[in-house]
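Undergrad: Work out the full structure, taking the sequences as your base and the hints as a guide.
Okay, so the sequence shown: first residue is 14 according to this note's numbering, each after it adds one.
Hints were generated in silico from the structure; no laboratory data involved.
All residues carry an ideal CB built from backbone N, CA and C; glycine is no exception.
Any given hint might turn out to be false.
[What the hints assert, rightly or not] Cut-off 25 angstroms, straight-line C-alpha distance, at most; resulting in silico cross-link-like pairs (DSS-like, lysine-lysine):
#: 1; residue 1: Lys341; residue 2: Lys397
#: 2; residue 1: Lys156; residue 2: Lys101
#: 3; residue 1: Lys99; residue 2: Lys148
#: 4; residue 1: Lys397; residue 2: Lys336
[What the hints assert, rightly or not] Label pairs and their computed distance ranges (CB to CB):
#: 5; residue 1: Met198; residue 2: Val400; range: 38 to 44 angstroms
#: 6; residue 1: Thr355; residue 2: Ile246; range: 27 to 33 angstroms
#: 7; residue 1: Cys277; residue 2: Val305; range: 37 to 43 angstroms
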Amino acid sequence: MKKLPVKKIIFLLFFSVITLALISAATLQIPVQAEWKYQDGDNEFWADPDMSDSMWKTIELPAAVKMEGNGMFWLRSELTIPPEFKGKKVYFETGRSSCAMDIYVNGILIGQHGCIEPKLNISYEGNSILLIPEKEIHNNRIKIALRCKCGSSHGTFNQFYWSDINRRYLVETLQRFLNITAYYMFAAICLFLGVYFLFRFFSDRTNRAGLYFAFTLITISFYFFDIASELLILPIYLQRSLARLSFIFSMGFLVLFMGEYFHCQTKLLKIIVYSILAIMSVAYAVCMRNDVIHEILFTLSLIPVFAAVVFVFVFDIKAVIRKQPNSKFILGGLLFALTFATHDIIYQAMMAVPFAWLQGFSFFIIDLTMFIVVSVESAQNKRKLKVIMDETSSQRDRLNTIVSNAEKLSLETITIAKTLEDSVSNVAQSAARSACEAQRIGGLIAKQNDAVKNTSEAVGSLVESLERVNTELQSENTTIENTAQETNLMVTGVGQVADGIDSAVNFAKSLDSMTYTSSNDVSVLVGNMEDIKNFSTEILGVVQVVTDFAEQTNMLAMNASIEAAHAGTSGQGFSVIAHEIKNLAAASRNQADKIKTIVTEINKSISEGFNLSVRVRDTLKQVSTGAASTNQSVSESAQSMERQKQAGERIVKATQEMTNSAAKVKQEAENQFSYSQQVSSNITKLAETAEEANKAVSDILDHNVKLCSQMNELSSLATRAKEAAQGLNRLISD
Numbered sequence: 014m015k016k017l018p019v020k021k022i023i024f025l026l027f028f029s030v031i032t033l034a035l036i037s038a039a040t041l042q043i044p045v046q047a048e049w050k051y052q053d054g055d056n057e058f059w060a061d062p063d064m065s066d067s068m069w070k071t072i073e074l075p076a077a078v079k080m081e082g083n084g085m086f087w088l089r090s091e092l093t094i095p096p097e098f099k100g101k102k103v104y105f106e107t108g109r110s111s112c113a114m115d116i117y118v119n120g121i122l123i124g125q126h127g128c129i130e131p132k133l134n135i136s137y138e139g140n141s142i143l144l145i146p147e148k149e150i151h152n153n154r155i156k157i158a159l160r161c162k163c164g165s166s167h168g169t170f171n172q173f174y175w176s177d178i179n180r181r182y183l184v185e186t187l188q189r190f191l192n193i194t195a196y197y198m199f200a201a202i203c204l205f206l207g208v209y210f211l212f213r214f215f216s217d218r219t220n221r222a223g224l225y226f227a228f229t230l231i232t233i234s235f236y237f238f239d240i241a242s243e244l245l246i247l248p249i250y251l252q253r254s255l256a257r258l259s260f261i262f263s264m265g266f267l268v269l270f271m272g273e274y275f276h277c278q279t280k281l282l283k284i285i286v287y288s289i290l291a292i293m294s295v296a297y298a299v300c301m302r303n304d305v306i307h308e309i310l311f312t313l314s315l316i317p318v319f320a321a322v323v324f325v326f327v328f329d330i331k332a333v334i335r336k337q338p339n340s341k342f343i344l345g346g347l348l349f350a351l352t353f354a355t356h357d358i359i360y361q362a363m364m365a366v367p368f369a370w371l372q373g374f375s376f377f378i379i380d381l382t383m384f385i386v387v388s389v390e391s392a393q394n395k396r397k398l399k400v401i402m403d404e405t406s407s408q409r410d411r412l413n414t415i416v417s418n419a420e421k422l423s424l425e426t427i428t429i430a431k432t433l434e435d436s437v438s439n440v441a442q443s444a445a446r447s448a449c450e451a452q453r454i455g456g457l458i459a460k461q462n463d464a465v466k467n468t469s470e471a472v473g474s475l476v477e478s479l480e481r482v483n484t485e486l487q488s489e490n491t492t493i494e495n496t497a498q499e500t501n502l503m504v505t506g507v508g509q510v511a512d513g514i515d516s517a518v519n520f521a522k523s524l525d526s527m528t529y530t531s532s533n534d535v536s537v538l539v540g541n542m543e544d545i546k547n548f549s550t551e552i553l554g555v556v557q558v559v560t561d562f563a564e565q566t567n568m569l570a571m572n573a574s575i576e577a578a579h580a581g582t583s584g585q586g587f588s589v590i591a592h593e594i595k596n597l598a599a600a601s602r603n604q605a606d607k608i609k610t611i612v613t614e615i616n617k618s619i620s621e622g623f624n625l626s627v628r629v630r631d632t633l634k635q636v637s638t639g640a641a642s643t644n645q646s647v648s649e650s651a652q653s654m655e656r657q658k659q660a661g662e663r664i665v666k667a668t669q670e671m672t673n674s675a676a677k678v679k680q681e682a683e684n685q686f687s688y689s690q691q692v693s694s695n696i697t698k699l700a701e702t703a704e705e706a707n708k709a710v711s712d713i714l715d716h717n718v719k720l721c722s723q724m725n726e727l728s729s730l731a732t733r734a735k736e737a738a739q740g741l742n743r744l745i746s747d
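TA: This is the structure in structure tokens:
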């Protein structure tokens with residue numbers, strides 16, 4: 014990049030400052046020195062010059078008026094025009110204010126600063142300059158009333174001025190351009206460029222420097238719009254807070270952009286920047302409704318802004334030291350922009366209002382510098398690309414010559430490879446056919462060998478089976494003989510059992526008869542026991558009568574004794590008789606009680622005997638029934654034993670026949686065992702012969718496999734040579 018014209022830049026800056034100073038010096042501007050009356054509310058009669066405002070509050074400018082109610086209030090004062098304006102047109106300049114105002118002179122509306130109705134609109138950085146009609150000036154004095162409205166907590170006024178026509182011209186042209194029109198332009202340009210860089214990031218997400226620069230431009234565009242616009246798209250306190258916060262965010266993203274662009278980005282840097290942005294966001298959210306604190310916060314926020322500017326310079330200076338591309342040009346742009354930025358920072362720190370805010374020019378110069386850097390890098394890349402293309406063209410010509418020679422070699426290689434491939438293919442086919450035939454023969458021999466083995470195993474199994482059959486037949490013959498003997502014994506035993514069952518049948522029949530007789534006898538006994546029980550009951554009745562009679566006799570003896578006592582000596586004999594009668598009655602009663610006790614015991618024993626007799630009778634009935642059933646069962650058993658006896662005789666006969674047959678089967682099994690041993694010996698010899706043939710076929714197959722493997726390797730080499738030649742041909746063709 015070419016050397017920066019530093020001297021020209023310094024001269025241009027010096028010339029601009031001198032020109033602006035000369036223009037400002039040619040104007041007349043005097044602060045309005047007066048006492049102002051203040052009243053909350055809104056009343057159109059307050060514009061009347063004859064209205065008394067002696068009861069209103071008094072304030073001095075600059076001032077911050079705390080809002081009450083709906084934010085409407087009035088300011089009134091009687092002003093004396095300075096003698097410097099004698100013979101000149103006099104203008105009233107509002108300066109910077111957060112309030113919209115309707116301005117009345119002697120009750121006449123001469124103009125507005127912002128707009129109150131129908132919707133509040135005010136430019137926070139705007140300045141209005143209004144002509145005072147000459148006919149309203151009396152003895153260099155006027156009565157002025159300001160109808161004001163504020164959308165925040167405090168209405169702020171910096172200073173009112175007396176101005177001349179030159180000042181008005183300067184304000185309406187240059188100051189309005191610098192404070193309003195230029196900022197509209199800057200807002201539009203920054204927003205456009207920010208969106209442009211944002212879309213560039215979407216197309217290349219690795220370009221994080223472009224993303225940070227896009228955020229820098231987009232956030233600062235909202236700040237520029239708020240400075241320039243007289244329209245409120247949000248409540249004034251919210252819009253102003255967001256705009257100033259956007260300014261701080263823009264500086265933070267600028268720091269991140271510089272770190273990313275020069276590849277000096279660190280995690281600590283991001284943490285610091287994001288922490289400051291978070292703290293400032295919270296602070297503005299808390300203080301947005303209080304104008305006084307809000308202004309103090311904005312002044313304090315210039316500290317991180319200034320720190321960001323210093324940090325950007327340090328970044329770029331380090332890049333210059335490392336001789337990174339375009340770092341010097343960026344440093345020149347930053348120095349040029351710093352001139353304007355320093356102007357605004359100084360005025361903000363002094364809490365003063367400059368003729369024009371120039372920080373927008375700083376960011377515009379930074380944006381222009383970055384566009385120049387990008388354009389220069391693009392041009393440099395194009396030149397490098399042209400050099401690379403020229404070198405590529407030269408290399409291509411050399412490559413064409415090499416490719417032509419390689420093409421010839423490739424064709425020859427393909428021909429040789431094809432011939433080799435055909436030869437190898439023929440040999441491979443022959444070897445493959447030989448291998449297939451040998452494999453088929455081997456398969457047949459293997460099948461034969463398997464069949465011989467299976468037959469040998471089957472014959473061996475047959476021999477073993479016949480041997481086991483012979484053994485089993487011998488055992489079976491012995492078993493049959495034993496069975497015949499046991500069957501004879503069983504038949505004899507069955508006959509004996511049948512005789513015993515016949516005896517049991519006869520006994521069962523006699524038992525049934527005896528049981529029936531015993532049952533009848535027990536029934537008679539039960540009847541007799543019941544009669545005895547009834548007689549005992551009657552005896553108890555007689556004993557009870559005797560007892561009652563003894564009681565009555567005892568009573569009569571007692572009465573007789575009493576009467577004898579009454580009779581005295583003459584009744585002594587009767588008394589002795591009565592005493593004897595009483596003793597006799599007592600003895601009768603005692604004997605009757607003994608008889609009652611004995612009869613009761615007899616009755617109890619009779620009852621128990623009666624119950625036992627009843628149970629014996631019932632048991633005999635059950636025995637009688639069981640005896641009848643047993644008699645029937647024994648009869649059936651006798652018949653069954655007779656049938657078993659007859660069956661046993663038939664079994665004995667059949668067993669004898671089985672013994673004879675088993676002897677014949679045993680003889681035949683011995684003959685089969687001898688024949689099977691001869692067959693097994695012949696099959697063993699045949700298996701040994703098949704094994705030798707299979708070994709010979711295996712040797713043939715092994716040799717064929719080795720031959721096929723060698724043919725495959727030759728074929729693979731031929732194929733690789735052919736493919737390599739074809740690949741080389743394709744590369745040459747491409």
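Undergrad: Take the hints in turn and mark each one as holding or not.
TA: How the hints compare with the structure:
1. Lys341 to Lys397: Holds, at roughly 21 angstroms.
2. Lys156 to Lys101: holds, 19 angstroms
3. Lys99 to Lys148: holds, 14 angstroms
4. Lys397 to Lys336: Since the Cα atoms of Lys397 and Lys336 sit roughly 20 angstroms apart, the hinted pair holds (cutoff 25 angstroms).
5. Met198 to Val400: 38 to 44 angstroms: Since the Cβ atoms of Met198 and Val400 sit about 40 angstroms apart, the hinted range of 38 to 44 angstroms holds.
6. Thr355 to Ile246: 27 to 33 angstroms: This hint holds: roughly 31 angstroms between Cβ atoms.
7. Cys277 to Val305: 37 to 43 angstroms: Check passed, 40 angstroms falls within 37 to 43 angstroms.
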